[in-house]
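Model the full structure from these sequences, guided by the hints.
Residue numbers (my numbering), protein chains in the order written: chain Z, 1 to 669; chain V, 1 to 318; chain S, 1 to 220; chain B, 1 to 486.
No lab work stands behind these hints, which were simulated from the structure alone. As the structure is a computational prediction, the values presented were derived from the model and not from experiment. Virtual Cβ for every residue (Gly too), placed ideally from N, Cα, C. Mixed in with the good hints there might be a few duds.
Stated by the list, open to error - Chain B stretches covered by chain Z per the calculated footprint, using a threshold of three residues with CB under 8 angstroms from any CB of chain Z:
1) 288 to 296
2) 377 to 391
To be verified - Some but not every residue of chain Z turned toward chain S, in silico, with C-beta under 8 angstroms:
3) Gly652
4) Val664
5) Leu665
6) Gln669
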Amino acid sequence: MPLTAILWLIGGLILTVLLGVALPERSGRIVVYGLASIFAGAIAAIAGAVLIGLQPMDDSLTLPMGLPWLGANFRLDPLSAGFLVVIDLSALFASIYAIGYGRHEREARRILPFYPAFLAGMNLVPLADDVFVFLFAWELMSLASWALVVSHHREPANLRAGILYLIMAAFGTLALLLAFGLLAGPAGDYAFAGIRNHHATPLIADLIFGLALLGAGSKAGLVPLHVWLPEAHPAAPSHVSGLMSGAMTKVAVYAFIRIVFDLVGTSAWWWATVIMALGAAGALLGILAAQMDRDLKRILAFSTVENIGFIFAGLGLALAFRDEHLGLAAALAMSAALLHALNHGLFKTLLFLGAGAVLNATGERNIDRLGGLIHRMGLTALCFLIGAAAISALPPLNGFVSEWLTFQAILLSPELSHWGLRLVVPAMGAALALSAALAGAAFVRAFGIPFLGRPRSLAADMAHEVDRFSLAGMFALAALCILVGILPGFFIDALGPMVVRVIGAQLPAQAGQAWLSLVPNPQAGSSYNGLMVILFMTVTAVLGAGIVHRLSGRRLRRADAWDCGFPDPSPITQYSGGSFAQPVRRVLGDFAFKVTETVEMPPPGDLGPARITVQLRDPIWEFVYAPLTRAVSWIADRLNPLQYLTIRRYLGLVFTALILLLLVLAIWQ
Amino acid sequence: MAIVPALMVQGGQMLLVLLLAPLLTGFVRKLKALLLRRRGPSLIQPYRDLLRLLKKEVVLAGSASSVFRSAPYVIFAAVWVAAALVPTFATGLMFSWSADLIAIVALLGTARFMLALAGLDVGTSFGGIGSSREMMIASLAEPAMIMSVFTLSLVAQTTQLSDIARFMLEHNVGLRVSLAMALVALLMVAIAENARVPIDNPATHLELTMVHEAMVLEYSGRHLAMIELGSALKLLLYVSLIGCVFLPWGIARADDAPGAYLLGLLLYVGKLGAGGTLLAVFETSIAKMRVFRVPEFLGAALMLALLAALLLFVSKSF
Amino acid sequence: MHSIQFDIAHLLASALVLASFMLLYQDRMFGLIQVFAGHAVVLALAVAWQAYVQDAPHLYVTAAIALVFKATIIPVALFRIVRRLEIHRNVEKVVGVGSTMLIGIGLVALSIAVMLPVTHRSGAYTSEDLVFALAVVLLGLLMMTTRRNAVSQVIGFMSLENGLILAAAGAKGMPLVVEISVAFSVLIAFIVIGVFLFRIRERFDSVDVQALDRFRGDRG
Amino acid sequence: MIDWASIAEPMVLAVPAGSAAILATLPGYRLSSKLNVLASLTTFLAALTLIVHRPPAGTFLLVDDLNVFLIVLNTFVGFTASAFSAGYISHELESGKLTPTYLRFYHAMYQVLMFGMNLALMANNIGLMWVAIELATLTTVLMVGIYRTHEAIEAAWKYFILGSVGIGLALFGTIIVYLAALPVIGEGLDAMAWNVLTTRASAFDPALLNLAFVFLLLGYGTKVGLAPLHAWLPDAHAEGPTPISAVLSGLLLNVALYAVLRFKILLAANEAALAPGPLMVTMGLASLSFAAFMLYRRRDIKRFFAYSSIEHMGIATFAFGMGGPLANFAGLLHMAMHSLTKSSIFYSVGHIAQVKGTQKISQITGLTATHPLLGWSLVAGVAAIAGVPPFGLFMSEFLVLSSTFARQPLLAVPLAFGLLIAFGALIWRLHKLAFGTPGPEEKSGPAPAGYKLVAIFAHLALVFVAGFYLPTSLTAWFQHVAALLG
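Next up, the structure:
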């Protein structure tokens, strides 16, 4: 019984919490992270086995907990199994990484107990089969991750991030709660099975959709609910940041799919357009912000916003196709979205782990104070490079495969009958293409500035390679990125059952295709074969190199950089993150962030440096969040005097209340 | 069709592009010189340059890392593989299914990614200028390219390049608004991607105006040779891409008679010549534009391509 | 026969309301206390009459309590307090007498409007008594909210409480009336002692509640 | 074999009363504080036996499904609070804030208060219940003023005046209820006995019941702390000794709400009477949203949590106002969970105020760093009171919200909104209190001995378990009561 086994493992995680509290920090670190990696790995293995059919699907279980009259219902169906795999692959390697990384934590006691709790929460959400368990696990996940966000509590910025995060999380939970309230109906049947039977009226369904979008979106980082992401994800310890970006956002995606594709049952055409519009906007805004920022971990968090946008765009497409009963197309879009979820889980975790390694080695997150790290931490640099290439959707790595599938799905969308969709989809395609290209730029910057060139600070110069565990975690993820990139067929087939579960249709089996190439849509016959591409590239590269070395030997002389004849030894003259971003900032930053550049030139003869100051203002924050906070404090100020009235005035309040009620009564009678 | 001839065609094509690439570059240079009333270098000058570079030793900047050293080979490999998959004189290449048009665009993206990293690697100011501008240009050019790819594949019902070519060849596509727009967009992208005037000037080393040259500034010897060959290949790729899609006539199809192949070959060389001529004329008749006008140029391309795709989405008949 | 009983009950109850109005009207401290004593006496009479009518002897106890405690002890205590604390100055009001009166009349109207339609089922005395009792209660509350200083607020509260006792006595055969009136007397004793013994003189110059409120918690 | 039922019932009242008398005479505070704990413990045990052996309804005393759980809860929290105060009050004596005489008075009053509340809960007579609640009020007034500081006396005075007025209104309501019962049941005690009233309520004159309910809601509502009758509550909590704040929030509010519920049952039983729901829903919402906004400007930590008590009483009242099995269940659960959680919070706050030597939030920072055990207990408590799992309040709030939204979406929106606002305030303050680096000028005494924190963690453990597991027996009986509430 896979479900039982998984629940036992989760129970193990929960017990690990106690170990985290009890054990001394040194041994606690090894035990907690060791156990966490074991449990996560086991869950991933079981769920994977379920997904590829080695284990029976769809088994359910009810524990005597949760809502008394309902019990705690759990179910393991393909959808949940798939997301468990996504979650626990990240969790597994992040935990291994943490065994070494954790050594540098000053207050490990603030992390060790919450880390396994966080994992447990994330694992419970996909298994939940009734509303209470779902929200319980959901909140547990939020709470534990919040504790991890504020674990470095001595930096005020982290505390602000914690507040913002927890409030946004509560907002999301409330939205989901209300959505479930509508789903359950007045009868209050909170079991998912009951919800599926109870069909909502169109209006209610629309309401549910909106609430689900708010709830899941606020956790996933869907624009405009993404503001907490770049604050909270970097604040946590790096392996946790990796999980929050790589795994937790996927849990939110799962919640969205579960509610909108599975539980509601019906859907309206405009839902898809809304999702796609938000997704595309998120992809663009996220990657632009990533291009502008200087903090390595914030860059990664913003790129998460982009990828989430990408995933949601795919989901929207799938929904649109499903509405019009275009089974194959819907399956294609859904597979693309799910595969991208898996990929993002892999390379975003990898990148955060890399950023953590840099942070450990140098104590710096600001890329403008780094540089030349590749000479001192070559292995980390290699892993980070693979991750960066993968996330920039470069063949033959995995990021490209999901992007390619999404484009293939978009190319099928002229079959859609609804005019609105026909207008939105190509625009979305353009936005996605643009954001993909920008991602390339962003990650050239994110890798090039810190790792290449010459060190810009002493810390960067003193850097040293990280420990074996950290490297192991990163290399495993990098290997997976490559594997998914060159053998996508198997993974897409593995995702098949999930797609069938929510779409009802499935792609033709890919593993059977000639030369293991990818032919999602036989009658179009478009195909891609990562294996071949990598083979070709290696062959040609080796061939070329061989021939060249044969012709010209390996003569090589080290010298100063030429730099058009006037090299400057000072590393400040290198291009920095800020200057690298300048062209894109000038071109696109303006409409998104109201960028203002001011240059202060010293008067002629003055030898002082000229300064350029750049200001970014996030319109979403200014026009949505700031007014809200202002409103709350305004009301609070207006009400506050009620604390300082005289007794006589309080009596007056009682008196008026009494008179009012009596009047009501007199009129009512 | 049988394996052996298929392999021959595939291999022949790969060799062909490799051999013709420098020639095309040389041809364009020569033509530009003639148009400017200069004698100009001989057609085979690029081959000479490559050999000379190969003979020279590599002078490597002290701060250069393995990225810098491996980049030329990766770039070369990526571009070559991409070029190998573009039908030149024959469709139905043996390995054409291993990458479709989107993948080809992405392969060029890989090459660009490595090149930009190489530009940053030495840690000079010029390398940085080059990379950042290159990425800015690319981040507009690539979506434009993708959108015109969309247009093509919406017409041809596939993203498989050789299938698109065959479709263009066999079906009477006729003159279509969308295709015209896509063509224009594609041309603009091609100019940008190959660092030609007015986006960039391949001949200049005037620091502040260069983009591509600034990235490869630190390269020397065999590395530079690979880079040069790579960019030559890229130019050839674009010309033959446009050729095989928009003027596919004469491309030999699978299981055609050898004669057809020969004809295709001749026509292909002709197309290259025509493309080169057009490029030379265009470059000599226009001045390089400021870097920050480039986005407008490419933005126009993007809008055109998007419009083309949009038209097709709305109705197939455009 | 019933009618005369009814009329007397009616008379006494309305007298109580009248006394409340006089309390509202009164603006000298000593006068206020005297009027309150009168108020208590009227209450005692009304309760005694109810005791006689319902022949419920325990109500006599209540009447006695009212007479002894409220009509004599409390006023005396208040007199002493007022003298001790030198506050036998005018009772400063928040609202002018005229408007207070108007509001008071409005309240009486309200209590009639609320009560009469309701209570016709339960016997006649009760109904009348309840109307007046409610009126007295509301007037007492009004007095508490329109007076600034503690003694007059206390008096307002006690008049309110008189109204309650009247209602309780009016409720035919209601048990525990005595206990309740005792409990209330304790409450009042506490209040008076509170005013007296809360060390208020140690801390404030007057028992003006506003002075007491000067420090309304949570400032800084 | 002793008949427990006959013994237990009087014991629940007699033990506090008797021990109060003894404590009033005992000198040394050490002994008396121990005795206080002992008395509370025995009361609790006696109350426990009531669950199993239910005595028959007497003329004055009644133990039925509705009140027995409140009695047990009441005595339990009373017990833990006495244990906490044993540790707390000694420190107050050492710090010279209290004198032994006042301590003796304090302990006696504590037991009187217990007696009053238990009596109010067990009374089978609306008049007796009123008297008991008045007694409880008086004692708490005295306890609130016990420090005799300027603020304390002001708070006590405010509490006293407002409380007395409330009590007065409640009495008027009680009288009217009696009048309503009079024609149906006839004169005498029966017309005031719960068990009789509840059964015959359908025959009462609805108009009278409505009138009565207005007065009762305002009267007892003042003690529940519903806005706009709440004014006494924050100051009384803030200025009194912390054990009393805990008892006020944890118990007295519940007792008052229990009284309102009792009368609500009467109205619910009578079809013709106006539904009490709308009134309670309105006042509940008002209290919730009002308190939520007030939280943002509080500077005193105890007053802060006092406002959160107002908020939660608002939620419970709202739930009962909504009615229906789900909402009522949620309301009962919410009452129980809130009193456990809030009292534990006040225990922590008491220790915090002692170690930091202040109640000003601005002068308390980084507790988890300076006093880990205390700090984390506060974090857990606030998380629980904010309604996040794995704590019990999550379940109750979940049920209130979802059931409301399914029936009256428009009502659920302000509810959710208020909850979110309050959540924000709680979290905001929590970060300030529990995390960050303490300022240099901030004084912080030695952490309290572990055993003093047992009560806190006992409560939190209960709330934690209730968060995901309620024993079926408990549930069945909650549901029975919920059905009874209508």
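Status of each hint after checking the structure:
For the region 288 to 296 of chain B, the assignment as covered by chain Z holds, since 4 residues bring a beta-carbon within under 8 angstroms of that chain's beta-carbons and 3 suffice. Coverage of the region 377 to 391 of chain B by chain Z holds in this model, with 5 residues showing a Cβ closer than 8 angstroms to a Cβ of that chain against a need of three. For Z/Gly652, the suggested interface contact is upheld, since its CB lies about 5 angstroms from the closest CB of chain S, less than 8 angstroms. For Z/Val664, the interface hint is violated, the least distance from its beta-carbon to any beta-carbon of chain S being 10 angstroms, above 8 angstroms.
At about 6 angstroms, the closest approach between the beta carbon of Z/Leu665 and any beta carbon in chain S falls short of 8 angstroms, and the interface hint on this residue holds. This hint holds: Z/Gln669 has a C-beta 6 angstroms from the nearest C-beta of chain S, less than the 8 angstroms allowed.
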